[in-house]
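Make the full structure from the sequences, and use the hints.
Protein chains: 2
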Amino acid sequence: MAGSTFAVIMAGGSGTRFWPASRTLRPKQLLPLVGDAEGEDDPSRASLLAATVARIAPLVPPERILVVTAKALVEATRRAVPELPAENVLAEPAPRNTAPCIGWATRTVLARDPEARVLVLPSDHHVADTQGFRDTISRALDAADHAPLATIGIKPTRPDTGFGYIETGAPLEGLAAASGGHVVARFVEKPDLVRAREFLAAGNFLWNSGMFFFRAKEMDASIRAYLPELADGLDRMGQGANAPKLDEIFPTLPSISVDYGVVEPLAKEAASGRRGRIAVVSGDFGWSDVGSWESAWELSPKDQDGNAAPAGTVLVDARGNLVRATAGKTVALIGVDELVVVETDDAILVMPRSRAQDVRAVVDALKATGRAAKLT
Amino acid sequence: MAGSTFAVIMAGGSGTRFWPASRTLRPKQLLPLVGDAEGEDDPSRASLLAATVARIAPLVPPERILVVTAKALVEATRRAVPELPAENVLAEPAPRNTAPCIGWATRTVLARDPEARVLVLPSDHHVADTQGFRDTISRALDAADHAPLATIGIKPTRPDTGFGYIETGAPLEGLAAASGGHVVARFVEKPDLVRAREFLAAGNFLWNSGMFFFRAKEMDASIRAYLPELADGLDRMGQGANAPKLDEIFPTLPSISVDYGVVEPLAKEAASGRRGRIAVVSGDFGWSDVGSWESAWELSPKDQDGNAAPAGTVLVDARGNLVRATAGKTVALIGVDELVVVETDDAILVMPRSRAQDVRAVVDALKATGRAAKLT
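Which chain is which? The protein sequence lines are R and B, in order.
Heads up: the first sequence runs through residues 65 to 440, numbered per my numbering.
Heads up: the second sequence runs through residues 65 to 440, numbered per my numbering.
Treat each hint with caution, since some may be false.
Which copy is meant is left open, so a pair is good if it fits within one copy or across any two.
[Said to hold, decoys possible] With a cut-off of at most 35 angstroms between alpha-carbon atoms, the simulated DSBU-like pairs for lysine-lysine come out as follows:
no., residue 1, residue 2
1, Lys332, Lys366
2, Lys431, Lys393
3, Lys281, Lys309
4, Lys135, Lys309
5, Lys254, Lys309
6, Lys332, Lys431
If you are wondering where the hints come from, they were derived from the structure by calculation, not from laboratory data.
Owing to the predicted nature of the structure, the values given are computational and were not obtained by experimental measurement.
Shown next as structure tokens:
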């Protein structure tokens with residue numbers, strides 16, 4: 065099928081789970097996965113966003129990579145990926161969840177190539193096996209030629225309750241068996257541990273990776289069909305980084321995720337046979353959503369005692385710790401195991417790795433005091 | 065008995081147990097006990113040395129307080145106690161343990177008042193009950209009028225193995241019973257836990273506080289008798305902060321503690337009846353030698369969860385922690401108990417309070433690497 069391939073990278077997040085490293089104006093995707101600045105040839109040491117761009121660069125040239133971010137982050141985002149044309153960084157005037165983001169990017173792609181295929185990627189994930197990732201992307205793009213929408217499902221390695229799951233159905237018709245495409249039987253919300261274990265045992269459940277693959281005009285048609293208010297708004301707003309009525313219209317677009325607004329209704333129609341079924345391609349390329357400091361520890365290089373710490377850290381009877389500190393700061397740990405110790409210019413966090421999900425409590429506490437807004 | 069009272073404060077220490085706050089050029093006695101700089105009316109928030117001077121100020125005026133320190137620390141020491149005349153800060157050209165220190169200070173006192181009484185105090189201890197401390201000092205000075213040497217023994221509150229002990233003997237003759245002076249039956253080295261428990265149960269053992277009380281000429285005579293080489297050296301060196309041959313002679317003086325060099329031989333002679341017996345006065349005034357970060361936590365004000373932390377520290381499910389940080393740094397603790405978290409301009413230490421004795425291992429490790437000499 066004809067048409068060039070575009071990538072849309074969603075980089076509007078402002079998560080709090082990496083406090084104190086992450087802040088409203090320095091979100092996770094603009095942070096390095098590994099703290100120290102050595103090894104500049106590894107883009108994940110610059111930022112997760114830069115690593116995402118570098119990962120797909122052999123498949124999609126910079127001029128066809130779009131990044132959608134928040135208005136407040138646009139300059140920092142452009143600095144993070146200087147190889148992209150400035151007009152390829154789309155700045156949302158207000159956060160409206162993923163459907164308006166993808167709708168706007170899709171219109172922008174369509175204006176450049178009405179036959180384009182699009183891959184939508186999160187900006188803040190980690191991939192260990194880059195070649196495996198690219199192979200899976202290619203298969204997902206193929207699958208998107210045989211379905212209105214394709215996604216990548218990650219082969220689960222543990223009964224994780226932090227992800228949605230995809231139950232796979234029959235092999236996808238029209239696609240080579242080797243490509244591994246299947247019809248999506250159903251999308252499942254984040255399960256409890258009992259169900260997650262059942263999914264893992266069943267063998268035909270995959271983690272929902274949040275990646276989408278589609279022909280631009282298919283997505284545009286789906287939005288027109290399922291989110292007509294969004295389609296109308298986009299009609300009036302226009303496309304591109306400098307859409308004529310961006311500031312006026314974008315904040316009024318319906319705030320809804322592409323999962324609820326497009327994927328679910330599409331899945332229902334597919335089940336009733338009215339439209340083509342959603343495709344899922346399974347992937348196994350060392351994927352992580354880098355969801356917490358615990359993940360950062362898992363993904364970081366470690367010494368023989370399991371410590372992920374900058375060179376020069378003094379470790380006395382210390383195991384399994386994650387240490388990050390500003391340049392020139394020597395950290396010493398004595399007799400502590402499995403801690404997270406993160407220092408920035410203005411803050412220090414100390415907690416067990418197992419409490420990584422509770423970082424939000426600190427950010428909430430800081431916001432509640434009303435002091436030092438820049439701390440959050 | 066006639067003669068004015070002088071205080072000699074030994075402030076030459078360069079301990080490593082408060083790293084990273086303490087350094088060679090910023091030893092414990094020049095540090096505040098409590099980290100933040102608020103409450104300047106409490107001298108222990110300025111430095112332990114300043115607190116020591118303030119504690120005895122009602123008993124001894126500044127012009128009769130001498131401080132003996134190391135040459136490298138003399139300027140910092142003078143800044144810490146600006147109320148003392150500069151010539152009252154004696155700077156040792158080389159560390160020679162306590163006998164030369166006390167010998168030199170005693171000669172310096174004798175030159176000002178041949179009938180003087182002297183109290184020798186460590187510079188880095190903490191006292192909770194200042195009035196009780198002063199009362200005990202007065203009793204010890206009285207006792208020193210009836211013995212060649214007096215000391216204060218601290219009523220033990222636990223079987224501590226970190227202190228030497230003093231076994232008390234008969235009440236001291238010639239002293240009012242109310243003053244509580246006793247003859248020292250014997251000095252005991254740091255015991256093991258079994259013996260320390262026996263001492264505590266026996267009831268007639270006290271902790272050796274390292275404070276000495278004597279008439280200056282008695283001490284000078286004892287040094288002449290038991291450490292003639294030191295006495296000869298002091299003869300040639302001269303007295304005062306600007307002793308004529310200080311730099312030449314002091315480094316050649318015998319390096320020996322006053323305990324081994326003077327107190328022990330004196331105790332033996334006393335046992336054989338040749339000289340007067342050593343006196344000990346028991347004290348119970350909330351004394352601590354502030355020997356580690358654990359002690360610092362014990363002595364610091366704490367919140368209802370036992371955390372000793374600066375205002376603004378974010379504590380989520382955290383108990384019994386000691387936190388110190390530089391101004392402008394917000395520390396957040398999640399789900400950690402009984403940790404020490406100390407940050408300075410160039411270092412961070414994290415350890416359980418129970419590992420406070422192991423701080424030396426970090427300093428040793430840093431010295432071994434040879435990097436960043438200023439870190440130690």
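Evaluation of the provided hints:
1. In this homomeric assembly, Lys332 and Lys366 never come within 35 angstroms of each other (Cα to Cα): the closest approach is 46 angstroms inside a single copy and 59 angstroms across copies.
2. Proximity of Lys431 and Lys393 under a CA criterion of 35 angstroms is satisfied in both settings, with 27 angstroms inside one chain copy and 16 angstroms between copies.
3. For the homomeric pair Lys281 and Lys309, the shortest alpha-carbon distance inside one copy (22 angstroms) is at most 35 angstroms, but the shortest distance between copies (95 angstroms) is not.
4. For a Cα distance limit of 35 angstroms, the shortest separation of Lys135 from Lys309 inside one copy, 15 angstroms, qualifies, whereas the shortest one across copies, 74 angstroms, does not.
5. For the homomeric pair Lys254 and Lys309, neither the shortest alpha-carbon distance inside one copy (37 angstroms) nor that between copies (82 angstroms) is at most 35 angstroms.
6. Taking the shortest alpha-carbon separations for Lys332 and Lys431, neither the intra-copy value of 41 angstroms nor the inter-copy value of 68 angstroms comes in at or below 35 angstroms.
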